[in-house]
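**Q** Note that the protein sequences, when read in sequence, are chains G and H.
Add 3 to a position in the first sequence, counting from 1, and you land on the number used in our numbering.
Add 1 to a position in the second sequence, counting from 1, and you land on the number used in our numbering.
Watch out, some of these pointers could steer you wrong.
Within a straight-line C-alpha distance of at most 27 Å, the following computed DSS-like cross-link-like pairs (lysine-lysine) qualify [claimed, not checked]:
id: 1; chain 1: G; residue 1: K71; chain 2: H; residue 2: K58
id: 2; chain 1: H; residue 1: K58; chain 2: H; residue 2: K10
id: 3; chain 1: H; residue 1: K10; chain 2: G; residue 2: K45
id: 4; chain 1: G; residue 1: K74; chain 2: G; residue 2: K59
id: 5; chain 1: G; residue 1: K74; chain 2: H; residue 2: K58
id: 6; chain 1: H; residue 1: K58; chain 2: G; residue 2: K59
id: 7; chain 1: G; residue 1: K71; chain 2: G; residue 2: K59
Derived by calculation from the structure, the hints in this document are not laboratory data.
Listed below, chain by chain, are the residues.
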Amino acid sequence: GESVGLHLPTLSVQEGDNSIINCAYSNSASDYFIWYKQESGKGPQFIIDIRSNMDKRQGQRVTVLLNKTVKHLSLQIAATQPGDSAVYFCAENYGGATNKLIFGTGTLLAVQP
Amino acid sequence: DSGVTQTPKHLITATGQRVTLRCSPRSGDLSVYWYQQSLDQGLQFLIQYYNGEERAKGNILERFSAQQFPDLHSELNLSSLELGDSALYFCASSVVGWGIGELFFGEGSRLTVL
Chain G
4 GESVGLHLPT LSVQEGDNSI INCAYSNSAS DYFIWYKQES GKGPQFIIDI RSNMDKRQGQ
64 RVTVLLNKTV KHLSLQIAAT QPGDSAVYFC AENYGGATNK LIFGTGTLLA VQP
Chain H
2 DSGVTQTPKH LITATGQRVT LRCSPRSGDL SVYWYQQSLD QGLQFLIQYY NGEERAKGNI
62 LERFSAQQFP DLHSELNLSS LELGDSALYF CASSVVGWGI GELFFGEGSR LTVL
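Looking at chain H on its own, in the form it has when it is part of the complex (with noise of 0.2 Å):
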C-alpha cells in the first residue's frame, strides 16, 4: 500500500459527460501528480500540483483541469468526453516539488468512456 488513495476506482460513462477523479496523497506529501496510461500512450505525464499552486503541465487537453485543494487532496476533471479518454489515469505524490524523489503512486482510476 503507498498510501495514495483514489476514487472511484472504476468509472464507466458516456461520450460528451463530465467526471471528476479525486486523489488523497500520502501524509505529508505536498506533490500531487497526474498520470494517464493507456494501452499504446504508456504513462503520460499531465500535471503536477505542489502545495496547491500548478508546478508543472505535460500533455494535458483543454477539456481536463485539475486542482489542489488546501487540505492537499486533489481532483482531476474531465469533460466533454471522447472514446479516446478511456484510460487508467493515476495519481501519484511526492514530498518533495522538484521532482527529484520518489514518486509514490495509487492504484488509479480506470475510466471507460462508451
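The following block holds chain G by itself, in its conformation from the complex (with noise of 0.2 Å):
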C-alpha cells in the first residue's frame, strides 16, 4: 500500500514497550477528541475516544489522556506490537454549531521487531 504522509513525525519504538503519541488541539471550545489508527492503503479507524468533560479513558492496551488546560492529548499504546504500525491521528470536534471533526496532521508509529 502507499504510505500517507511522508514528512509526518515518526516514533520508532521496540515491540513490547509503551508508546505515546502526543497531540496538541487548536481549539479550546472542542468537547469531543478521537484518536484514529490508518494503516497504509486504509481509511482511518476508530480507536478510542474522550469527552471533554474526562480527563482519562482506558481501552483495551490504549489510554487516552485530555489535559484542556495546556490544550493536550496523548495515546498510551501498552505492550506496542507490530500490528500497531500506522499513522495515527488525533481529532477534535468543535462542537456546537459548527460540528467539524478536525484532524491533526499525524504521527508515524514505527515498531521494530
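Build the complex: two chains, separate frames, hints provided.
**A** Written out as C-alpha cells, the structure reads:
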C-alpha cells in the first residue's frame, strides 16, 4: 500500500515497549476528541474517544489522556506490537453549531521487532 | 470492513475534467462526511451531510460540490480539476449528526490528475 504523509513526525519503538503519541489541539471550545489509526492503503479506524468533561479514558491496551489547560491530548499504547505500526491521528470536534471533526497532522508509529 | 463503500477506488483524469466520487454509508447512518487527504495536508474536512441536508462545511473549494440523496448515499463532484486536486478522498459516516460519536471511514478514492 501507499504511505500517507511522507513528512510526518515518526515515533520508533521496540516491540513490547509502551508508546506515547502526543497531539496538540487548536480549539479550546472543542468538546470531543478521537484517536484514529490509519494503516497504509486503508481508511482511518477508530481507536478511542474522550469527552471534554473527562481527563482519562482507558480501552484495551490504549489510554487517552486529555489536558484541557494546555490543549494537549495523548495516546498511550501498552506493549506495542508490530500490528500497531500505522499513522495515528487525533481529531477534535469543534462542537456547537460548527460540528466539524478536525484532524491533526498525524504521527507515524514504527514498531521494531 | 467499516461498512462504508466508496467508488471508484482509483481514478486517473486530466486537468480541467470533472469527476464524481460516490459513497454509500453504513446501514442506518444518517451522516456522511467527506475528507481530502494529501501528502502535505493531512486529513482535511470538506463537508458533512445529515439526512440529506448540509450540516457543516470545511475547506471545500467552490469547484467542488456534494449532495446526499434520499437513500442516504452521497456524491462528491470535483470540477475544473487541477494537479493539486490529486489526493485520497475519504467518505465517513456516523449515526449522529453532531459529531459526538465514531466516524466510520471507507477505503477512499484515489484521484490522480495528470
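**Q** None of the hints should be skipped; say for each whether it holds.
**A** Results for each hint:
1. Distance hint between K71 of chain G and K58 of chain H is fulfilled; the C-alpha atoms sit about 26 Å from each other, no more than 27 Å.
2. As the CA atoms of K58 of chain H and K10 of chain H are separated by approximately 24 Å, the hinted pair is consistent with the 27 Å bound.
3. Pair hint K10 of chain H plus K45 of chain G holds up; C-alpha atoms about 11 Å apart against a cutoff of 27 Å.
4. Distance restraint check for K74 of chain G and K59 of chain G: the Cα-Cα separation of roughly 14 Å lies within the 27 Å cut-off, and the hinted pair is therefore satisfied.
5. Between K74 of chain G and K58 of chain H, the direct Cα distance comes to roughly 24 Å. Compliance with the 27 Å bound is thereby established for this hinted pair.
6. About 30 Å separates the Cα atoms of K58 of chain H and K59 of chain G, which puts this hinted pair outside 27 Å; it is violated.
7. For the suggested pair K71 of chain G and K59 of chain G, the alpha carbons sit about 11 Å apart, so the restraint of at most 27 Å is met.
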